[in-house]
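Asker: The chain contents come next:
Number of protein chains: 2
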Amino acid sequence: MSNRKVKVYCPATVANLVCGFDILGLALQDPQDIMEVWEKESPGIEIIPDERYHLPVRPEENVAGASLIALIEEAQLTTGFTIKIDKRIKPGSGLGSSAASSAGAVVAANYLLGNRFSKNDLVRFAMNGEKVASGVKHADNITPCIFGGITLIRAIHPLDIVALNVPDLFVTVVHPQIEVKTSDARQILRKEVQLKDAIRQWGNIAGLVTGFMKNDYDLIGRSLEDVIIEPVRSILIPGFDTVKKRCREAGALGGGISGSGPSIFMLSKENKEAAACEMIMQEEFDRLGIEYKTYLTRINVQGILVEETR
Amino acid sequence: MSNRKVKVYCPATVANLVCGFDILGLALQDPQDIMEVWEKESPGIEIIPDERYHLPVRPEENVAGASLIALIEEAQLTTGFTIKIDKRIKPGSGLGSSAASSAGAVVAANYLLGNRFSKNDLVRFAMNGEKVASGVKHADNITPCIFGGITLIRAIHPLDIVALNVPDLFVTVVHPQIEVKTSDARQILRKEVQLKDAIRQWGNIAGLVTGFMKNDYDLIGRSLEDVIIEPVRSILIPGFDTVKKRCREAGALGGGISGSGPSIFMLSKENKEAAACEMIMQEEFDRLGIEYKTYLTRINVQGILVEETR
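These protein sequence lines map, in sequence, to chains A and B.
First residue of the first sequence: 1, per the working numbering; consecutive thereafter.
First residue of the second sequence: 1, per the working numbering; consecutive thereafter.
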């Protein structure tokens, strides 16, 4: 038994990308969680939590723990892991905080085990963490977190992941410090949608994917429209309509709710426009008197980075 | 006033492409309608119909006529056109027969007018023909007919057309000679769909478009799945399930209903597999005792071809 230890950098992620509910996502360069993971000789999982947040430390209730349990079972390990989490992606931000922990834990463990599992396996393990976090085994944050870049989940059963081309884009994000639970944000969605709305949505999805593949920024901008989810969920986010409208007027290609919110993201072709978006976001949430944090960042193309330490 | 005359070759088209209901389509090299169009000094439209089919000759009731009326109005012409139609794409086949006539008429007239309208304008005019044919101004046959290749209609209002990459594919088509009216095929569709089915559908659409853009044949094959329209419409087409199942087993990437049917199409990477599909189609409709016609063809990348004649 070695005492190898790794540090993993786990990027925040933006799921859905406006029209691609449950299928599209991208990884951000900032913020990132940092986790340290090392093997221990006794079986089981020990979690050293981030003291800033009151996250569960019992492995089966902790997203990183639940993901690792799945990996340990499939690997039939008799040893265990210790995890120390430096959480920089705020839980409940809509920026894939739970996915970062879930994915980070299994990527780190897999590295320590000599990379015996594929990235697809790791996504599958980490989905158990998402189940703990939101009750649903969704993969649209985990996938870009592990793969980096912009990812498509064509299907969940069996898991079919497609890496898309990544155009040169700037991403501006605002996290207004209000609480929107993923489970609540799911419950307010209607279970049925109008066929005509679904058709409009899949036109936009096809347009967005084609825009990414062709580096066609205008097409990306025209396709960033969601007629199904956003009209319902945006009600939960004060300032959403104003921020979106003003950012587009300021030259952003478009954007919307990050995951199930409350964070809002905007894609821009140039830094100048992305900076204008950040200023608009700051102005709007200052005006509303809501605490917030903004990020002006880029797409992270490498996904989780593993660094071996002593 | 010249007496210029053009001959246009108008390709058959496959709309929907399984999962892309109302947004995707491709043009075929075979069959094609041939139309002759020339200017006449008196206003109005004269239609010399194909004697094999009893198609309306009053311009406002004829798909080519209705399309030309829209063009003549917008061009504010005081002259008219004569159209002679050699219809080789059987009406009611689901292979874009009405679109070929609608699109051919306006492409020909536009050529005679010195190409004053854009392709997007021509699609808009020709949609009036589709309205006459099926009651709905859909553009998913007209667009590939005019543009060639594989096309995406991201949105109808305003019209947003995107040309996709065209992988090297063989297309096998069978047209069983039974009647399925587009208007009937639309009426049996439910107006609401389950959100979970819509999500699965847009995963497939994103996968199919990505497959086309990357020439990823496996991804194309995995994405050729329709959980919304096909389960309802395929009931109207005897032999559908067997043909589809056997063609996939024989190596076809996949396929489904062409437009609203009754034609069935299959995409294959190699001629050998496409030929196997044709044999399966022949066997199945022979067995069912239903008259049919098959085509083993390629994707037409140029769209409607205009030839000036005397």
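For the record, the hints were derived by calculation from the structure and aren't laboratory data.
Given the structure is predicted, the values throughout are model-derived calculations rather than measurements.
Check the hints yourself; a few may be wrong.
[What the hints assert, rightly or not] Here are the computed distance ranges between Cβ atoms for each label pair:
| no. | chain 1 | residue 1 | chain 2 | residue 2 | range |
| --- | --- | --- | --- | --- | --- |
| 1 | B | Gly135 | A | Arg186 | 34 to 40 Å |
| 2 | A | Leu159 | B | Ile290 | 52 to 58 Å |
| 3 | A | Asp218 | B | Gln194 | 56 to 62 Å |
| 4 | B | Leu113 | A | Leu159 | 39 to 45 Å |
[As the list claims (entries may be wrong)] Which bits of chain B does chain A cover? Going by a derived footprint, with three or more residues having C-beta under 8 Å, they are:
| no. | stretch |
| --- | --- |
| 5 | 38-48 |
| 6 | 150-157 |
| 7 | 187-193 |
No residue lacks a Cβ here, since even glycine has one placed at the ideal position from N, Cα and C.
Asker: Next, verify each hint and record whether it holds.
Answerer: Status of each hint after checking the structure:
In this structure, B:Gly135 and A:Arg186 meet the distance hint of 34 to 40 Å, their C-beta atoms being roughly 38 Å apart. Distance hint check for A:Leu159 and B:Ile290: the Cβ-Cβ separation is about 40 Å, which falls outside the suggested range of 52 to 58 Å. At about 33 Å, the beta-carbon gap between A:Asp218 and B:Gln194 misses the expected band of 56 to 62 Å. Hint check: B:Leu113 to A:Leu159, Cβ distance near 54 Å, so the stated range 39 to 45 Å is violated.
A count of 0 residues in the stretch 38-48 of chain B with a Cβ less than 8 Å from any Cβ of chain A is obtained; the coverage claim is therefore unmet, three being the minimum. Counting residues of the stretch 150-157 of chain B whose beta carbon lies closer than 8 Å to any beta carbon of chain A gives 4, which meets the minimum of three for the stated coverage. Counting residues of the stretch 187-193 of chain B whose C-beta sits closer than 8 Å to any C-beta of chain A gives 5, which meets the bar of three, so the coverage hint holds.
The earlier numbered hints that this structure contradicts are 2, 3, 4, 5.
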